[in-house]
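So in this note's numbering, spot 94 of the sequence shown is number 94, and the numbers just go up one at a time.
Treat each hint with caution, since some may be false.
Said to hold, decoys possible - Ranges between beta-carbon positions, derived for each pair:
no.	residue 1	residue 2	range
1	69	90	15 to 23 Å
2	43	22	15 to 23 Å
3	22	68	31 to 39 Å
Just so you know, the hints here were simulated from the structure itself, not pulled from any lab data. All values derive from a computational prediction rather than experimental measurement. We put the beta carbon where it would ideally sit given N, CA and C, even for glycine.
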Amino acid sequence: MCFTRFLRSIILTFEHNHPLHSKEEQIKGLLEQISAYIEQYHGGAVEFISLKDDLLEVRVGGACLGCPLLPSTLQGWVAGTIHQFFPEIQVIAVD
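Use the sequences and the hints to build the structure in full.
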């Protein structure tokens with residue numbers, strides 16, 4: 001599955017977008033879906049660490065460690081997907 005199709009499926013079926021779910025719960029749900037895609041198709045992973053104000057900290061693992069495309073993955077796939085729902089959120093990777 002290409003990432004564009006994957007992103008479209010997230011947008012169409014985003015079940016965590018519910019008034020009873022906190023922003024943090026919604027973002028965790030999105031990250032779980034993003035990480036599942038990255039793990040299945042690329043052998044990597046993205047893990048929620050914290051959400052402080054509008055700063056989302058994530059940890060990468062698996063094949064993402066040391067990958068030269070990691071900045072593109074973080075900004076394009078992770079931050080790009082998060083920004084579809086939460087444009088104010090900034091994403092950074094932490095150790």
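Now the hints, each set against the structure:
no. : hint                   : result
1   : 69 with 90: 15 to 23 Å : holds (20 Å)
2   : 43 with 22: 15 to 23 Å : violated (31 Å)
3   : 22 with 68: 31 to 39 Å : holds (35 Å)
Of the numbered hints listed earlier, the single one contradicted by the structure is hint 2.
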